[in-house]
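Heads up: the sequence lines are chains A and B, in that order.
Under the numbering used here, the residues of the first sequence are numbered 22 to 906, in order.
Under the numbering used here, the residues of the second sequence are numbered 22 to 906, in order.
Don't read these hints as lab results, they were simulated from the structure.
The reader is advised that the hints may include incorrect statements.
Identical chains share a label here; the pair holds if one copy fits it or two copies do between them.
Said to hold, decoys possible - As a list, the in silico BS3-like pairs of lysine-lysine whose alpha-carbon atoms are at most 30 angstroms apart:
id	residue 1	residue 2
1	Lys509	Lys355
2	Lys748	Lys250
3	Lys857	Lys843
4	Lys185	Lys250
5	Lys652	Lys760
6	Lys605	Lys442
7	Lys247	Lys387
8	Lys355	Lys291
9	Lys320	Lys658
10	Lys440	Lys678
11	Lys203	Lys250
12	Lys442	Lys652
Number of protein chains: 2
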Amino acid sequence: MVDKQFVYHFGNNETEGKSSMKNLLGSKGANLAEMANIGIPVPSGFTITTEVCVLYLENNQYPSGLMEQIDRSIQKLEKEDSKIFGDPENPLLLSVRSGARISMPGMMDTVLNLGLNDESVAGLATRTGNERFAYDSYRRFLTMFADVVLGIEYNEFESLIDEKKKELGITLDTELDIDALKDLTEKFKKLIEKHTGEPFPQDARKQLQMSINAVFSSWNNQRAIKYRKINKIPGEWGTGVNIQSMVYGNMGNNSGTGVAFTRDPATGEKRFFGEYLINAQGEDVVAGIRTPKPIDDLKNNMPEIYGQLEDIQHKLEEHYRDMQDIEFTIQEGKLYMLQTRTGKRTAISAIRIATEMVEEGLIDKKTALMRVDPDQIDKLLHPMIDPDISLDVVATGLPASPGAAVGKIVFTAEDAEEKVKDGIKTILVRTETSPEDIGGMNAAEGVLTVRGGMTSHAAVVARGMGKPCVAGCGDITIDMNQGILTVKDIKIKEGDFITIDGSTGNVIIGKVELVEPGVTDDMDDILKWADEVRTLKIRANADTPHDATAARDFGAEGIGLCRTEHMFFGEDRIPAVREMIMAKDTAARKAALDKLLPMQREDFIGIFRAMEGHPVTIRLLDPPLHEFLPKHMELTKTIRELKANNASQDDIDEVRKVIDRVESLSEINPMLGHRGCRLGITYPEIYEMQVRAIIEAACELNLEGMNIEPEIMIPLVSHTNEFEVVKNDLIPVAKTVMKEKNVELEYHVGTMIELPRAALTADQIAIEAEFFSFGTNDLTQTTFGFSRDDAGTFLPYYNEEDILENDPFAVLDQEGVGQLIKIGIEKGRSTRPDLKIGLCGEHGGEPRSIKFGHNIGLDYVSCSPFRVPIARLAAAHAVLENEEK
Amino acid sequence: MVDKQFVYHFGNNETEGKSSMKNLLGSKGANLAEMANIGIPVPSGFTITTEVCVLYLENNQYPSGLMEQIDRSIQKLEKEDSKIFGDPENPLLLSVRSGARISMPGMMDTVLNLGLNDESVAGLATRTGNERFAYDSYRRFLTMFADVVLGIEYNEFESLIDEKKKELGITLDTELDIDALKDLTEKFKKLIEKHTGEPFPQDARKQLQMSINAVFSSWNNQRAIKYRKINKIPGEWGTGVNIQSMVYGNMGNNSGTGVAFTRDPATGEKRFFGEYLINAQGEDVVAGIRTPKPIDDLKNNMPEIYGQLEDIQHKLEEHYRDMQDIEFTIQEGKLYMLQTRTGKRTAISAIRIATEMVEEGLIDKKTALMRVDPDQIDKLLHPMIDPDISLDVVATGLPASPGAAVGKIVFTAEDAEEKVKDGIKTILVRTETSPEDIGGMNAAEGVLTVRGGMTSHAAVVARGMGKPCVAGCGDITIDMNQGILTVKDIKIKEGDFITIDGSTGNVIIGKVELVEPGVTDDMDDILKWADEVRTLKIRANADTPHDATAARDFGAEGIGLCRTEHMFFGEDRIPAVREMIMAKDTAARKAALDKLLPMQREDFIGIFRAMEGHPVTIRLLDPPLHEFLPKHMELTKTIRELKANNASQDDIDEVRKVIDRVESLSEINPMLGHRGCRLGITYPEIYEMQVRAIIEAACELNLEGMNIEPEIMIPLVSHTNEFEVVKNDLIPVAKTVMKEKNVELEYHVGTMIELPRAALTADQIAIEAEFFSFGTNDLTQTTFGFSRDDAGTFLPYYNEEDILENDPFAVLDQEGVGQLIKIGIEKGRSTRPDLKIGLCGEHGGEPRSIKFGHNIGLDYVSCSPFRVPIARLAAAHAVLENEEK
């Protein structure tokens, strides 16, 4: 039997892979092959497939035939370079890199210069005539191999270098002479033996196997698992291993290395954008250890190379029809591409690139739409610093990821993760970040680093996460031990507030006012194209004329949920509301409600006016009455104060009465208590007042010539009889008002479906109800039996331990809650085929949930005004994703 | 077009109906026709169908042709009796009675002597030669007509009679002479005119039409609606009207009237049992106004009539093959049967009659089973007075409805209904009861009346309801105004405790200890026959060896729910439980749990032993931890006390720590909080201890030779991952214990399905879970979004207003919750066809819910031990009802 192909060669002479083979070769491997195919210079090499990784992790051994295939590829490299792998005289040296289907910074780093040993380092010195280069390469190899393959702390090697420098009275690595480097390699090997109990492996093949194994194993290291969790990458994919002939950016001043983007990843501007370092190896740029030069400088420095690079970047972008993130190395005046991949970008940039590429004819509108991640837009709609405020900027770094953030200073990722559990907002301040910090970056509001450029780890990851980031802010020094950040002689303590602006790079001490952003022209284009594609309507949840106006501005096509209780909390209303609750009988309750009527009416007039005739769904009073009364503890405190001030017994008795009412209204499980339509049924006069206010407001505007069709929504229905009782109580009120105003109004009475029983008996409810709106917050609570207020004791643990994939209050649980929604839709439409159905929980603004809603046949979703653009785009994605299938 | 038949004649010459036509003719009408068919003497007459009632109530007019059909029937009666309806000289007089498909005491009473007026009363006097009889009949007719047709208070007529008696210095009605009666008829007519504004209708046909209309309208009076609600009778049925030639039990000492049962309705003994009054009209017996004589006396008094009656009762019982409740009238030595119907009976009686009729060959076992209502058995299993207690019996009345009851004295039905809302148990004490009292009788624990016999309203209704009742307790006097009951010079106030024993007629002042009853031999027969028929297994919910033994005695086939938290509350355990909750870390928690382990193990050993190898399902800890700590208020009180007693600061701090823990554990909605498997996941050591205790106990008994297969049940699962995490944690514990004990044990791990999401994803859960048990209490809470603890603010109103037909916590909501259960069963068995499925909520002992459970394919239901017999019978009914279909 012939063994399966586990190794795919690429290079000048022969290339077996291509870009469409990402699943098998990993993204890096497939793109290296593709570049070779289209004539772009890459160091030759080969990719071990992701399948091998999976097999190895399952069986803890290589599949049969793998080593033979590797050998054959190495022989090709040996032939091409006229070098021999493991040869003491003329050694072929290799780089080993991991490369999964999707780029994963959490995984194993690179091992360079593999194949060196005590003998071949001498051979390399002889061949290159550069002994210093040879030993510098050897000590780098030892360090990297020890770090990423053997798991020995990088710092231990650094310490030895620092000692050596101190001994020699020098400060820079480049000042280390050949003897020093030779001595260091000996020390490094001893350090390795001390840690592993075995000498450093001199055999090149052994080095290679150990490195391959380390790449495979890194797929399951903690960082990688964490990264996969955050980015929803399946654990079954595995990673590929890319092994290439070494090229050197550190062979002198005609060598160098860099990274670049075909367009600006922060703004989207169409310009070649990147950084490079002369006489450096690749990782130096990305790790942010030395601050690199802008790519434009290369034009002057090495004009020929720059010209080649320019050609290549154009070729790559046209070939891939998307913005590319590339890595290159210049070895003694010859350019090699080490990597190309789809560049990560900010939301602003994604939108600008997508719209401009449509203008350029590179892609069509639908492709442009799919290039913008709805989740990402959210970041754009996040707060920014109020432009009208004059700022006291203490320092400015690189504007590495746009958006502003305010938070308390923390100096470690762990602290950021700790604080967020208590709801404390933080800014993570680090000298530089590393993959270990990902969890903390995710937890913090924003990231501030002292070192590193626009493509440093901090910058790339923050942009991906949509977190504001200011990078390379050299004016800052950090004293971790004291917990103090110093900037221009000002000392700020851990826990103090700081504000960063990732769009400008500004750093401000203290809390700065943030404002909500608007929609840019590019975004407007994208959203308009989204509107052309999508079929799902988008409404907003808005309770005030102000919110309603914001909703319209963001493109909402109506209000899906207007929560009338929010109007009850107004300072001018709460006394009447409390009077209503304290009322001894129906007559007194009605008298209090009469006071609220004109205010409610004005609320509705304002909202109707703002919505200009678009549909408005008004939910009648939902929360339990005790929410409107002061807390028990406040009241007993008031009594103590009254007594201390010798208040009259009457005054004290008055407060006592409120306490009695608070006690009589107290419930063991208020979420499942006397609220929603249960209130409307037991105190019909409340809903009667609200319906009168709604109908009066609508009539008034209709007399002005507007066409208002209010949708009255009855909450918390579990049985169709509840709906009927309330509806039959309300219709006469509506009729009376219309008669009084002499207006014939179209109005609709529908219900929230937010209890499992309502979904299960939707066929019966739909006989009476003209519309449904799924209240997925409460539906999630009851379907899971989770109280949103209390789930904090176990839900975070559930998410950490993967017991639940997502927080079901953030991302709709399609399997359980979604199943009930499907049942509700199907049953509801079985008795009323033209039933209008929406969704108005938190999930209405969450892209995955919106797509689900589209696919199961909702008419609309309703979300917070600021998430309306996200919803518009997600709804378009839903259509396009179905077309792709 | 020929009109539909609206009127069905019956009598000596021609009978159009039969007993199977109850739906059309009502029960009374169908049985009158049947008696005529089999040659039993009934006064001739006719029945207006229930369809006419429905049409009349819909259209407020008679259907076309009705009056012609009535006229034709009246002509037949005129011909038979040689009298003319409405004739002044020789009037045909009629009785008018309502009669629905099912006997309904809440409806219109009888109108007798209809057809009399100012002229015909004279004719009647002449024809009968009995002027006093004629005017006595006339004044009775006026009173009844005014009361039931015109709605004038009966008391107003009574007052006029009382005045007249005072005026004449007499005390008994029978002492009223002709002049007095004549004068009273005049006064009665004036009273009627005063109330209605119109003279009393002299026209016989008008009297008849008004009476028919009154019967129809009475179908929708408040009493009837309330009765239908309690007895679940559809409002659409309507009532029939029975119109018959009058026969008179009040024509002197050779006349009389009585009611009787073919067997003793209280004990079931096979003996002719009844009561009669000489020279009285029918309603006198039932209303309990005069205390009647036992039927045995009739043997001496009128031996020939008694002989006929004996023959008829045998004939009726053999014909109907069930115990009959009959009414008869003797008119001047001639016997007429006025009614026969299936007799109401106590549970004891139902069981004895059913078993004896099987012995007698009258019915088969299956019929016998269907003759015993599972709901009724419940009463038998209710407490009775501890036979070992010596009682201070202050009075003895008639043992009208068996069983003992203890409660606070109330004197009105309204009070009984009020008190029960606050959970206060009452005994309703009345001079006599009337249909208006039904609600109060239902609400009270038992009923005590001063007047009335074994067939009085109080006795019949109480037996139907299964309420203990002592009737006709003449030693008692009631002063309603003072709220005082006097018995033998002892005064007892409203609100004082009293105990009644409806099995002996005893009345005892104060609270008497009640004991649980056992299963009689007859019941044992019925239950054994039920066991032969049923396929659904019956288990019990039991948490202690004592309850487990009781469960076995009642025939439970296993324990379906053993709640381990009940064991945590024991006085010897609660300190260790609290130590466990207060533990700072896992080690301290484990140390506390180690103290609980031996106690838990002994609990399980006791329960396993009691169940003798029958399956035992043990639910792991379910409630939130704060339930085991003292209440916040108690603790602050303790601190105040400690301070007052100058306790040490350490002692105070200790309590403060508990307060802190109580606060940290407090939840807004504990029902949806940190409990069930959520506890087991976050504190795995708790479940580990419990599983160790279970497996150790089972191993120990298996070593003794018993075969114990414990079923370990994980509560509150919403997602299969929760189940898996807990299960994977527990299996190693079980394995370790089995290894330690060197026992190979069969044990099963399953789950409660008590959250909607669990039912909806049962297919996934069943891959891991070996059994399901539907926890319908919590499932009802989450499906409806009702908190059982808080629903008291609206649920009673929902039931009153028919928004919900039943309390869903008592009777399973088949439509909503039941739908989820069906989904859960179907999905669960789709991935594990042999999945064992039970139900262990309160509903497991409720007959309708049990039948539902049988029909949807449950393997078993589990209920409280005392409801096991009910469940066994209900499960048999489920099979038999399906066979009938």
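Status of the hints after comparison with the structure:
1. Taking the shortest alpha-carbon separations for Lys509 and Lys355, neither the intra-copy value of 44 angstroms nor the inter-copy value of 123 angstroms comes in at or below 30 angstroms.
2. Proximity of Lys748 to Lys250 under the C-alpha cut-off of 30 angstroms is restricted to the inter-copy arrangement: shortest distance 24 angstroms between copies versus 47 angstroms within a copy.
3. For the homomeric pair Lys857 and Lys843, the shortest alpha-carbon distances inside one copy (14 angstroms) and between copies (28 angstroms) are both at most 30 angstroms.
4. With identical chains, the CA atoms of Lys185 and Lys250 are never at most 30 angstroms apart, being 42 angstroms at best within one copy and 97 angstroms at best between copies.
5. For the homomeric pair Lys652 and Lys760, neither the shortest alpha-carbon distance inside one copy (42 angstroms) nor that between copies (56 angstroms) is at most 30 angstroms.
6. Proximity of Lys605 and Lys442 under a CA criterion of 30 angstroms is satisfied inter-copy only: 20 angstroms between copies versus 44 angstroms inside one chain copy.
7. With identical chains, the CA atoms of Lys247 and Lys387 are never at most 30 angstroms apart, being 33 angstroms at best within one copy and 66 angstroms at best between copies.
8. For the identical chains of this complex, Lys355 and Lys291 are intra-copy neighbours only, at 26 angstroms inside a copy versus 117 angstroms across copies, given an alpha-carbon limit of 30 angstroms.
9. For the identical chains of this complex, Lys320 and Lys658 are neighbours neither inside a copy (74 angstroms) nor across copies (82 angstroms), given an alpha-carbon limit of 30 angstroms.
10. Proximity of Lys440 to Lys678 under the C-alpha cut-off of 30 angstroms is restricted to the inter-copy arrangement: shortest distance 24 angstroms between copies versus 41 angstroms within a copy.
11. For the identical chains of this complex, Lys203 and Lys250 are neighbours neither inside a copy (43 angstroms) nor across copies (100 angstroms), given an alpha-carbon limit of 30 angstroms.
12. For the identical chains of this complex, Lys442 and Lys652 are neighbours both inside a copy (26 angstroms) and across copies (28 angstroms), given an alpha-carbon limit of 30 angstroms.
When the structure is compared with the earlier hints, violations turn up for hints 1, 4, 5, 7, 9 and 11 and for no others.
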